[in-house]
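Trainee: One-letter residues, chain by chain:
Protein chains: 2
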Amino acid sequence: MSSFDSILSRLDDRLDGALDHLKALIAIPSISTDPDYAGACRQAAEWLRQDLEEIGFRASVRETPGHPMVVAHHDGPGPDAPHALFYGHYDVQPVDPLDEWDADPFESEIIERNGRNIVTGRGAADDKGQLMTFVEACRAMIAETGTLPCRVTILFEGEEESGSPSLLPFIEANKDELKADFALVCDTNMWDADTPAISGGLRGLVGEEVTIHAADRDLHSGYYGGAAANPLTVLSRILGDLHDETGRVTIPNFYDGVNETPDAIKASWQKLERSAEGFLKEIGLSEPFGEEGRSIMELTWARPTAEVNGIVGGYTGEGFKTVIPAKATAKVSFRLVHDQDPAAIRKNFRAFVEERLPKDCTAEFHEHGGSPAVQLPYESGLLTKAKQALTEEWGVEAPIIGMGGSIPIVGTFQTELGMDSLLVGFGLADDRIHSPNEKYELKSFHKGMRSWARILTALGQKAGESA
Amino acid sequence: MSSFDSILSRLDDRLDGALDHLKALIAIPSISTDPDYAGACRQAAEWLRQDLEEIGFRASVRETPGHPMVVAHHDGPGPDAPHALFYGHYDVQPVDPLDEWDADPFESEIIERNGRNIVTGRGAADDKGQLMTFVEACRAMIAETGTLPCRVTILFEGEEESGSPSLLPFIEANKDELKADFALVCDTNMWDADTPAISGGLRGLVGEEVTIHAADRDLHSGYYGGAAANPLTVLSRILGDLHDETGRVTIPNFYDGVNETPDAIKASWQKLERSAEGFLKEIGLSEPFGEEGRSIMELTWARPTAEVNGIVGGYTGEGFKTVIPAKATAKVSFRLVHDQDPAAIRKNFRAFVEERLPKDCTAEFHEHGGSPAVQLPYESGLLTKAKQALTEEWGVEAPIIGMGGSIPIVGTFQTELGMDSLLVGFGLADDRIHSPNEKYELKSFHKGMRSWARILTALGQKAGESA
Numbered sequence: 001m002s003s004f005d006s007i008l009s010r011l012d013d014r015l016d017g018a019l020d021h022l023k024a025l026i027a028i029p030s031i032s033t034d035p036d037y038a039g040a041c042r043q044a045a046e047w048l049r050q051d052l053e054e055i056g057f058r059a060s061v062r063e064t065p066g067h068p069m070v071v072a073h074h075d076g077p078g079p080d081a082p083h084a085l086f087y088g089h090y091d092v093q094p095v096d097p098l099d100e101w102d103a104d105p106f107e108s109e110i111i112e113r114n115g116r117n118i119v120t121g122r123g124a125a126d127d128k129g130q131l132m133t134f135v136e137a138c139r140a141m142i143a144e145t146g147t148l149p150c151r152v153t154i155l156f157e158g159e160e161e162s163g164s165p166s167l168l169p170f171i172e173a174n175k176d177e178l179k180a181d182f183a184l185v186c187d188t189n190m191w192d193a194d195t196p197a198i199s200g201g202l203r204g205l206v207g208e209e210v211t212i213h214a215a216d217r218d219l220h221s222g223y224y225g226g227a228a229a230n231p232l233t234v235l236s237r238i239l240g241d242l243h244d245e246t247g248r249v250t251i252p253n254f255y256d257g258v259n260e261t262p263d264a265i266k267a268s269w270q271k272l273e274r275s276a277e278g279f280l281k282e283i284g285l286s287e288p289f290g291e292e293g294r295s296i297m298e299l300t301w302a303r304p305t306a307e308v309n310g311i312v313g314g315y316t317g318e319g320f321k322t323v324i325p326a327k328a329t330a331k332v333s334f335r336l337v338h339d340q341d342p343a344a345i346r347k348n349f350r351a352f353v354e355e356r357l358p359k360d361c362t363a364e365f366h367e368h369g370g371s372p373a374v375q376l377p378y379e380s381g382l383l384t385k386a387k388q389a390l391t392e393e394w395g396v397e398a399p400i401i402g403m404g405g406s407i408p409i410v411g412t413f414q415t416e417l418g419m420d421s422l423l424v425g426f427g428l429a430d431d432r433i434h435s436p437n438e439k440y441e442l443k444s445f446h447k448g449m450r451s452w453a454r455i456l457t458a459l460g461q462k463a464g465e466s467a
Numbered sequence: 001m002s003s004f005d006s007i008l009s010r011l012d013d014r015l016d017g018a019l020d021h022l023k024a025l026i027a028i029p030s031i032s033t034d035p036d037y038a039g040a041c042r043q044a045a046e047w048l049r050q051d052l053e054e055i056g057f058r059a060s061v062r063e064t065p066g067h068p069m070v071v072a073h074h075d076g077p078g079p080d081a082p083h084a085l086f087y088g089h090y091d092v093q094p095v096d097p098l099d100e101w102d103a104d105p106f107e108s109e110i111i112e113r114n115g116r117n118i119v120t121g122r123g124a125a126d127d128k129g130q131l132m133t134f135v136e137a138c139r140a141m142i143a144e145t146g147t148l149p150c151r152v153t154i155l156f157e158g159e160e161e162s163g164s165p166s167l168l169p170f171i172e173a174n175k176d177e178l179k180a181d182f183a184l185v186c187d188t189n190m191w192d193a194d195t196p197a198i199s200g201g202l203r204g205l206v207g208e209e210v211t212i213h214a215a216d217r218d219l220h221s222g223y224y225g226g227a228a229a230n231p232l233t234v235l236s237r238i239l240g241d242l243h244d245e246t247g248r249v250t251i252p253n254f255y256d257g258v259n260e261t262p263d264a265i266k267a268s269w270q271k272l273e274r275s276a277e278g279f280l281k282e283i284g285l286s287e288p289f290g291e292e293g294r295s296i297m298e299l300t301w302a303r304p305t306a307e308v309n310g311i312v313g314g315y316t317g318e319g320f321k322t323v324i325p326a327k328a329t330a331k332v333s334f335r336l337v338h339d340q341d342p343a344a345i346r347k348n349f350r351a352f353v354e355e356r357l358p359k360d361c362t363a364e365f366h367e368h369g370g371s372p373a374v375q376l377p378y379e380s381g382l383l384t385k386a387k388q389a390l391t392e393e394w395g396v397e398a399p400i401i402g403m404g405g406s407i408p409i410v411g412t413f414q415t416e417l418g419m420d421s422l423l424v425g426f427g428l429a430d431d432r433i434h435s436p437n438e439k440y441e442l443k444s445f446h447k448g449m450r451s452w453a454r455i456l457t458a459l460g461q462k463a464g465e466s467a
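Heads up: the protein sequence lines correspond to chains A and B, in order. Position 245 of the first sequence, counting from 1, maps to 245 under UniProt numbering, and the rest follow consecutively. Position 127 of the second sequence, counting from 1, maps to 127 under UniProt numbering, and the rest follow consecutively.
Be aware that a few hints might be false.
Copies of the same chain are indistinguishable here, so a pair counts whether it falls within one copy or spans any two.
Claimed, not checked - List of simulated lysine-lysine pairs, PhoX-like, C-alpha gap at most 25 Å: (1) 281 with 327; (2) 385 with 271; (3) 327 with 271; (4) 23 with 281; (5) 359 with 281.
Hints listed in this document are in silico derivations from the structure and should not be mistaken for laboratory results.
Isolated chain A (complex conformation) (with noise of 0.2 Å):
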């Protein structure tokens, strides 16, 4: 049996070993935008710095103004080799409502459901289960061979679930330490469960959060009701007037930097079309709610949107109260594509609202985080020979597809770094990650571990050598 053989045989046989690992990791429950678990978000950190330093890597908690930082790193065969930074995030999602999970989202168990395996709890899938695939891969090799195939970098943020705040200035101030030759991210979702995917594009994300101030102070609406200005009606008027009837967005300028997707892989998305029609099935909806003519792939992958993301005002309780409140207030999202600028997205969004505010109402804006989109060059030797790895994987083709979700640090390690990134994930769209009953597909841990065994081991080769 070769050392490449062995590795693949050592993560079969050791399967429930690492899903002990990872249910470990997933007990802490590291939800970063709640400051009630700003201490579980260290403890997961200084939990993935342990591991990482057992499997052999040197290995390090670092400090930021908000959740800190795990970086690591392995010298791999020796200086030569290429060189590769592993990235993910060991945050989670608040889990309210917590009603609606069927069992303890920080109790993960492998379960059957509809006939298929998988790791419950919040986080199985975004991202504890995905970045846990590559560290398993890494700790597999390391025990039958010494070593890795490629000197490897890893670096495990704690807030990319609240806009990743600190990354930012932490790769700025730890650049000679971070670059590499290229980025590995595992964060994305496979086409199916059968098909691996490789992600050429990811949008972009800007956060805001609006209050339209009105009285001062909270009303009757019988006294007041007809005379006083009633901030949840303006917000309501501006909200509903983000889109126009074919559902573009309104905002003047939005489209600027949006690219029209070739012809070339709009027909190749064509082709999974078939797969995408479940898409909104398995979410109970039949049909696309954004601009008009396009495909749901094009919609969700290489178009912009304006969404609401939560609305809060007045009285909100149990029964009913007359109350015209002093505010309301929205969190609203865009989900940018191609070249759209964040900064102007931003500014336009706030002119917009500012403009459609009538006398005696304020807009107050707090900003939610920002990163542009990114699309990688459809042919580079990364894409070629991890497209090959995952292949002979699943014994299926890898396509490359597009990614709805934003990934900022990608963004961020073109710009600060100079890399591209190479976007494998295993996750499913039904993961439910964000929503009640997370999970993951214990093939997806399974096949990933061993995936990034042949990934790494395919980049660590030079022309013309074979594994």
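Use these hints to put chain B onto chain A, whose structure you have.
Mentor: Here is chain B on its own, set in the frame of chain A:
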């Protein structure tokens, strides 16, 4: 000193004792809309029953499917005397946001604020302070004369702030007991701190809660944004569509039954306009928000409204969560005037929402009470006597004004018991009812008691008698 003068003297001399009664009632947190306070509502009812018995009424706490009623009777000078039914409500609004109160909302104090002596606390004005002006007047009259000038029935309910679900069935089931010659209601405002007022018109109310449902779970706005229906966006569009650019409500047939106010009445209101300027200024606003081209008094007294009282959906906690929620909810209320039909308004609103639902979205409606508007004849014996009594007490003529808020009971008294209602109250627009730091003017409480002694005496007199 006549017995009538001795009543007024007693009310002056024993003001502190009257305030102690009021403080004890405010101390009971009878929030009707919140099930956690059901016990406190019952406690308030029991407190009133006991107090009324001590005064000399035959009083009882009466069960309903919700919070109990208090019913009390006094035979006055005999079976031929005019018979008054006095109505008030012992329940209060919720106190959130609690951190905006300067002091405990249930620990009432008599303090000076902005040069005025006030009674603080939730319910100080709405309606505990107001109803106690009548109770204290009765206490003094019975103590001084051994009886009351009229036969008096008292009805206190505990669900006024949550739509009065039990009131109509209770009145229907107890018509013979509750029927009187006329009703007295003390839940309205003075024109200003020095000028009492009689309310000739009251707006009705329709309360609706609507929840828009889309996908069967919360969604990640990255994966699904641009393709999946967003209930917050749908809700915003619908609520933003409720008014046209001139501030008119756009629901079909909404203005059916709305009459133009007679020019003579508008002219009398116009004379009051100067004080009305302060109406908006004192809440930090400067110009009317509603229908164009109408005075503030007309907007709040004689025009209907559609107001959003609460919206909640998506992520509303600290930080940001890029979610497309499965649902979004709004509480919406309509103030009605003249002959608008509450059932038609509700039906037309629901149709308005349904018509605007995109495919894949459904709307779930929940009813929160409904009552028609009341418009009393501008001239009647009841009004004339009360106006005279108020003028004597306050030394200025009491105008007959409109009322923006709803007092559903008044319509019920008309339809079920065939009684007109005399609406006299001593609240002020800046009493902050339904808001933090609710208060009642000490002067309102004191002169309110004296006013009821005068009014009840005037109403008990046959033509030609004098006190």
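Trainee: All hints are to be evaluated individually against the structure, with a verdict given for each.
Mentor: Comparing the hints with the structure gives:
For the identical chains of this complex, residue 281 and residue 327 are inter-copy neighbours only, at 17 Å across copies versus 37 Å inside a copy, given an alpha-carbon limit of 25 Å. Within a single copy, residue 385 and residue 271 get their C-alpha atoms as close as 23 Å, which meets the 25 Å cut-off; across copies the closest is 85 Å, which misses it. Taking identical chains as interchangeable, the C-alpha atoms of residue 327 and residue 271 are never at most 25 Å apart, the minima being 49 Å within one chain and 33 Å between chains. Taking identical chains as interchangeable, the C-alpha atoms of residue 23 and residue 281 are never at most 25 Å apart, the minima being 31 Å within one chain and 59 Å between chains.
When the C-alpha separation of residue 359 and residue 281 is checked against a cutoff of 25 Å, the pair qualifies only between copies, where the shortest distance is 13 Å, while the shortest distance within a copy is 44 Å.
This entry does not satisfy hints 3, 4, going by the numbered hints stated previously.
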